Amino acid sequence: MVAHSRGSGSAGSQGRVAGRFNVPRAARVEAHADGTPLEVNHRRVALVREEWRVVDRWWTEEPVVRRYFELVLEDGENTVAFHDGAGGWYTQRGA
Amino acid sequence: MIACLSIPGLELKAALRRTPSLGLRPAALAPEPQGEPLLGPVTAAAETAGVRPGMRLGEALATCPSLALVEPDAAGAELAWEEILRSLEDAGIAVEPASLGCAYFETRGVERLYGGLEPALRRALAAVGDEWDARIGAAGRRFAALAAASVARPGQTVVVADAELPQFLAPLPLTLLPLERGRYEELEALGVRKLGQLAGLPGGAVAERLGPDGRRAWSLARGGAAARVRGRRPPAAVAASLEFPEAIGNELTLRRALASLVDTALARPERRDRFVRKLALAARLTGGGSWRRTLTLREPSADPERIRVALAPRLAELPAPVLELRVELVELTEPMGHQLDLLAAMSSSAGAEDRTRLREGLRQVRASTGSGSVCTVVEVAPWSRIPEARALLVPKDE
Chain A
7 MVAHSRGSGS AGSQGRVAGR FNVPRAARVE AHADGTPLEV NHRRVALVRE
57 EWRVVDRWWT EEPVVRRYFE LVLEDGENTV AFHDGAGGWY TQRGA
Chain B
2 MIACLSIPGL ELKAALRRTP SLGLRPAALA PEPQGEPLLG PVTAAAETAG
52 VRPGMRLGEA LATCPSLALV EPDAAGAELA WEEILRSLED AGIAVEPASL
102 GCAYFETRGV ERLYGGLEPA LRRALAAVGD EWDARIGAAG RRFAALAAAS
152 VARPGQTVVV ADAELPQFLA PLPLTLLPLE RGRYEELEAL GVRKLGQLAG
202 LPGGAVAERL GPDGRRAWSL ARGGAAARVR GRRPPAAVAA SLEFPEAIGN
252 ELTLRRALAS LVDTALARPE RRDRFVRKLA LAARLTGGGS WRRTLTLREP
302 SADPERIRVA LAPRLAELPA PVLELRVELV ELTEPMGHQL DLLAAMSSSA
352 GAEDRTRLRE GLRQVRASTG SGSVCTVVEV APWSRIPEAR ALLVPKDE
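So the sequence lines, in the order shown, correspond to chains A and B. Here the first sequence stands for residues 7 to 101, numbered as in this note's numbering. Here the second sequence stands for residues 2 to 399, numbered as in this note's numbering.
What the hints contain is simulated information worked out from the structure, not anything from laboratory work. Among these hints, one or two may not hold up.
Stated by the list, open to error - Examples of chain A residues lying across from chain B (beta carbon under 8 Å, computed):
#	residue
1	Phe27
2	Glu36
3	Asp62
4	Val71
5	Val78
6	Leu79
Given the structure is predicted, the values throughout are model-derived calculations rather than measurements. Ideal Cβ positions, reconstructed from N, Cα and C, are used throughout, including at glycine.
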């Protein structure tokens with residue numbers, strides 16, 4: 007895999023620094039009243055293929071609470087978006 | 002302004018086109034064959050007799066023994082709705098269908114065309130026609146337009162100015178909000194029965210008591226967020242149908258018919274080499290009903306085999322023998338290339354040369370972009386439910 011130059015996975019001369027893979031990216035999402043996405047990054051959602059929730063690390067100070075949607079956008083792209091329960095929307099690969 | 006066109010009970014009206022005389026008698030749309038025994042929309046005569054949409058079949062027949070049940074005509078209703086949307090589009094109105102019998106459109110563009118808001122809304126009603134009892138509500142927000150349409154009488158338009166919005170929404174029932182049944186009951190138990198009562202509560206308290214759904218409902222009760230209306234792309238009209246000499250219930254025969262229909266539809270010149278994204282499989286059933294299922298493909302395709310494999314399982318859902326089977330290519334996309342498999346070639350012994358080339362290519366990338374620009378993906382916790390915790394990007398410097 008070729009990362010973006012000087013990206014998160016860049017290594018210094020002392021050693022290799024691993025970067026995170028499939029990091030969520032902030033997305034602009036318009037949602038229906040029931041919370042299902044209507045538009046993702048200004049592209050309309052043609053179909054919600056699947057929906058699931060992830061609740062993890064609840065025993066830590068940074069619990070993970072996410073509502074995921076597997077979507078097909080109107081231009082044919084498949085994407086996965088999630089809502090983090092705090093008002094933020096993100097897209098993510100590998101979900 | 003945003004306008005909402007509403008046709009309550011469109012499914013029943015479409016089904017009654019076959020037997021118009023039932024429209025004046027107590028009649029209701031029969032429950033779906035494989036669903037719960039709940040009634041669909043009902044006629045005015047049935048409503049007068051005490052029958053309500055969503056009532057249990059047994060209860061409805063006990064309330065009104067002369068109630069006539071109308072076989073659902075799902076395909077007929079969808080076709081009728083499609084005709085209505087096309088009529089609106091022919092009048093220059095870009096519509097965004099929300100559900101069967103409910104569509105939104107932005108009035109700004111057509112106001113200029115027809116000389117004002119009222120004439121534009123009248124033109125939209127005229128495009129739909131009298132037989133559907135359509136009504137239109139218009140307001141600055143989408144939810145307010147829906148609320149306005151819900152109080153309009155057949156053939157009427159109701160326009161709500163922004164300044165009047167709180168007073169207009171206040172006396173309307175909570176059932177306009179997209180909430181689960183339990184939530185309505187919870188709100189009623191708290192003495193909240195109207196939108197105005199809900200809107201008057203502090204947002205934080207509503208969110209604390211009812212969670213995010215309640216917060217959204219509270220926001221809608223205050224008019225809702227300003228959301229744009231986006232006109233749909235009119236669906237493609239490429240279809241193929243096959244009428245059988247007698248009703249067919251045999252799945253093997255239906256599968257063969259489906260295969261032939263998919264080939265025919267894909268060969269239609271109107272498709273113009275475009276790929277299929279969304280399909281519909283419809284059937285006219287013995288006994289007068291109809292059946293329709295739509296399917297969106299994960300990737301657009303023009304491969305008949307793939308489309309057949311995707312559609313064939315739907316045949317098992319047919320509730321009755323079929324008189325006519327129809328395949329519609331509902332949405333088409335431009336042709337696009339397919340990503341070739343790089344790694345499969347590399348894993349074989351014949352891929353040694355590819356591996357050398359790849360290594361050389363990566364060396365050049367590293368030389369031009371610097372250390373750390375070429376990484377490998379290393380799985381560290383593939384079992385994790387958090388996708389970004391499953392693997393790391395590790396720089397590959399040699």
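Right, here's what the structure says about each hint:
1. Because the closest C-beta pair between A:Phe27 and chain B is about 4 Å apart, less than 8 Å, the hint holds.
2. At a threshold of 8 Å, the smallest CB-CB gap from A:Glu36 to chain B is about 6 Å, leaving the interface hint in force.
3. Annotation: A:Asp62 was flagged as interfacial toward chain B, and the flag holds, the nearest CB pair being 5 Å apart, inside 8 Å.
4. Among the interface hints, the one on A:Val71 is violated; its C-beta lies about 11 Å from the nearest C-beta in chain B, farther than the 8 Å criterion.
5. For the restraint placing A:Val78 at the interface with chain B, the shortest Cβ-Cβ distance is roughly 6 Å, inside the 8 Å limit, so the hint holds.
6. Because the closest C-beta pair between A:Leu79 and chain B is about 11 Å apart, greater than 8 Å, the hint is violated.
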